[in-house]
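Q: Sequence:
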Amino acid sequence: MQLAGDTVIYSATDLAAASSCEWALLRKLDWMLGRIEKPPFVEDDMLKRAGRLGDLHEKKVLDGLRKTRVVVEIERPEDSGIRDGSFTGIRSATEATLAALEGRAEVVFQGAFFDGRFLGYSDFIILGPDGRYEVYDTKLARKAKINALLQLAAYSDQLQHLGFEIGENVHLWLGTGEISTHRLTDILPVYRKRRARLQQVLDDRGLDPEPTPWGDPRYTACGRCDACAEQVERTHDVLQVAGMRLTQRAKLRAAGVTTIEELAERKAPVEEMSDATLVALREQAAMQVERALAPEGSPPPWRVASPVALTALPEPSPGDIFFDFEGDPLHEERQQWGLDYLFGLVDVDARFTGFWADDLVEEKTALVDFLAFVRERRAEHPGMHIYHYASYERTHLLTLAARHGVGEEEIDDLLRHNVLVDLYPIVRRGLRIGSHSYSLKKLEPLYMDVGRDGTANAADSISEYERYTEFRAAGETDAAAAVRADIVQYNEYDCVSTLRLRDWLLARAAEVGVTPAVDDDLTIEMLAAMPIREPDPVYTELVSYLGGLETERRAEHPEALGEPERSSDETAVALASAAIDYHRREAKSFWWEHFDRLRSPVDEWADTRGVFIVDTVQVERDWSLAGPRARNPSRDLVVTGTAAPGSRFSGTDTPFVLYDSPFPPLIGSSEPGARVAHSRVSFADRGDGSYLLTEKVGTGGDPYPEFPMAVTPSSPPNATKLAEAIADWGRVLLGALPTMVPDAALDILRREPPRLSTLPELVRGENVIAGIRSSLLDLDRSYIAVQGPPGTGKTYTGSRVIADLVQNHGWKVGVVAQSHAAVENMLEAIVGAGLDPRLVGKKPKDSAGGGAGSSWTALDAKAVPGFVQLDGGYVFGGTQWTFANANTVPRGSLDLLVIDEAGQFSVASTIASSVAATRMLLLGDPQQLPQVSQGTHPEPVDVSALGWLAEGHGVLPAEFGYFLETSWRMHPALCEPVSKLSYEGRLHSHASDRMLAGVVPGLHPVPVRHTGNSTSSIEEAAVVVGIVTELIGSPWTSDGQTRALAQSDFIVVAPYNAQVETVHLTLAAAGFGDVPVGTVDTFQGQEAAVAIVTLAASGSDDVPRGLEFLLLANRLNVAISRAQWAAYLVHSPALTEYLPGSVAGLAQLSAFIGLVE
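Its first residue numbered 1, the sequence shown is counted upward by one per residue in the UniProt record's numbering.
Calculated from the structure, these hints are not laboratory results. Please note that a few of the clues may not be correct.
Straight-line distance between alpha carbons at most 25 Å, and here's what the computed DSS-like set of lysine-lysine pairs gives [to be verified]:
id : residue 1 : residue 2
1  : Lys-845   : Lys-862
2  : Lys-588   : Lys-721
3  : Lys-145   : Lys-59
4  : Lys-38    : Lys-28
5  : Lys-28    : Lys-145
6  : Lys-193   : Lys-862
7  : Lys-28    : Lys-251
8  : Lys-193   : Lys-28
9  : Lys-845   : Lys-721
10 : Lys-267   : Lys-251
11 : Lys-193   : Lys-145
12 : Lys-60    : Lys-193
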């Protein structure tokens, strides 16, 4: 910011700063205006270093451009003239920029922009081949960051206002050498929103002569930066309380609790805060108040809050080690970022061992040497453990193993056997300490006799490492050695601190009668869940083949900036290798998260999809035999509580229930200090704000009175047959390399257009059904994709194509989807298309009475083999397990496999199912609800098959198949915003005779101001009732019939179960209990005259899983497109008043702004 008299001039940097914390920016403004003393702005050495490296990167790009293009460089003025109000310097620079652009300069470097308020200098403005200018910026980062994209939008906006035609994209030259390209439409709406907000805030504050008061509700405060920290301490704000969230602070302030002292005394309940949470925060506040009253320099007070948590401390071993990493996230080498330059540890006698790395080669060596050290120590001391504090060491060991391709299974084995012991969750669960932070440094006064010298924290360590590398590069070995010794001393102190903390915790455990753990039941359970196995040899050979290709490619292009692009064949091999290991990674991710939930504080996992935290329990049926055939007692509990966003509880799966101490007996293995869990339960939403939990006793067990504290996700299904199918497929691929075998799944992975036998291209024309059928008949061991947006007749089209192929061409066709319901829906449509029901078969999900009332043939297990061996054509339905199992459907025996809902069917699942057929037809829409994955995969085998082909486009590229462009559901006025949101404006609506009298068709944004709501809003529920009240009974004309609009003609969609319940109860109280209300996945495939979407959350700080979940374009698309005539989007306007933390979130927010403004 700069002052020109009373006017504040700002830049894109100020825009980003205000988005992070308006309070901090206004604090700086108050200082500039002379209202306060200079605030404690801390210089960030890391940012300085990044700036220096960024200048070098910019020069490198500039030198490269000068070799091939004519560059006009705009001289940046030494004196802009802003302070004296003349603006001479900046006007000269902007005039030079304008002249260069009007002269059609190829490249303009350091273009200056000033419109009276905004001031900025762009790195590069480059003339494209289409004659339009596009903005490029150089950034040292490995990936695009939001602040950088806002800068690009700012300069593009300036170009537009100056009258220049600009391109659709903006670009970042990243530190990796790659160019990251982004659509301007994904950024510009957010930029304009944030700029308007910043200008309003600055103008408002300029008129007020007083400093901005802390806690002013008009302005956001992050609560974490230096400017906020100063005020938090000065005002005794509840943010001082360790673990306090901003959402919790808002609830406390709404209840009149603003200071830590008030919280320490709070006895009355706080609205929307559980009693357990309030008790924990109150006790923590009381401990910190006690610390504030103690003599200065006293160690913080403490007490044991949960003795059982301390039982997680293992029995000490003479082989124990205490471990800490030092790493530099800005280190760049071979297009890879980050270097863990020191693996430090001490033994029980505080003897230090370090593994040092100056580059990635040495980092790999350090990892190998560290693992060898641990291996030898475990051989000598089988009961040894590796202690660390917080999760960095565990996560980075896994990351390094993946990066270097060494030790992954060995590190998994350490985790399975609980060799790594994180002391942080033990401290958080077991102790209450009078400190505003539970960082290791803040705990040291409790157990360390000597304070720190030299390097004091991790940021200092990184800065010192930079000094070390500079001395080393300059040949100043003595200076380098001195700095390195200081870094080692810091790391050694951290390791010793971890040792002393462990010993201190053991002493506290002994004082409360807790003995060290020797129980390894949970290790046994973990080994059963995640057995140690050798990698599949096909996977190993494919990875080796790919590695060889990449080595050759790098050798051929040693001068290349960034990684040279893979060929389509290399991409396919990489995907194939990752697919073979896909299900193991998915299962492993689930089990690590499950076992972590048994150990970690609840607030660290309460927002995970599929989690339900229990508040109240009422016994509806106590332990008894549920029926004459029941063998073990069960009980029915009616519970209330909080469901994590996106969770659905239908009662059809078997989730886990977790118990805190005191534990019930005989329900499963347990680890000392951990919760216990079992999955002999069903859990169903009753639709009235309560849930029915049915729990069974295990064989040989006895009933117990204890109640569960949480419900957590069920374990993944057995995927052995799926993995075998993918491995079989991969073995064929491997055997033919480097030749690519003709194969439908492989063509999808290669993103190759469908391979045809005689036709030059896919058949197009007015009759899309005939075109798809003709193209399929000419298909040569390949695939065809069909994207069907909402209401375009995807199921109708697919069923007619299938019926014709079976009836007239004798094809054997399989139909697969994510769910039995989706498969059965397609089978019903195929019969409806005229195919003999005896030729349409499926084994129902429920063998007892499943398929009753269906038009297709329900097969039992004995009838399936005979059906799939019929001589003529037929349709056989099933899930991916059905078609991956060669004992059910022989490999390659089908003429066609139809994947329905292929926009939610992963690449890995597509491969697993594909082995049953020679051709595939993909039906679906990647713009609807996305595929859900748990694991982290080296290649995107978790994305949907259609999503992979679409490659980020809203519409499937034409070379891959067909786009059904006409919606028969939505009115044109409603179809238009949906088309812009998700389909690049290419989805159109067919005219219809529908009419809702007195209601304008289309999308109606309904802003509702409210605060403090997270997953439910009574204010929005009241508005929903108002809309229903206003519209109910209106004349509704459809299919030539006119009648009164009924409750069943509405669909109300909410993102959270809590809002579903709130809206349902509010509607029922108003006499509208038959209006359907549910989450978006409940209504996928359904339609109604009117859809009402209620988002519930007040603002970005109130959303448990972030606004990127809430504003996901796919979710909004499905919700809005349920409507035939009108959709109402009920929302808090504050949802647009934030800056996302990711590029995807930026695009989502821009799209949402386009819907509501």
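Q: Check the structure against each numbered hint from earlier and tell me which ones fail, lowest number first.
A: 6, 7 and 12
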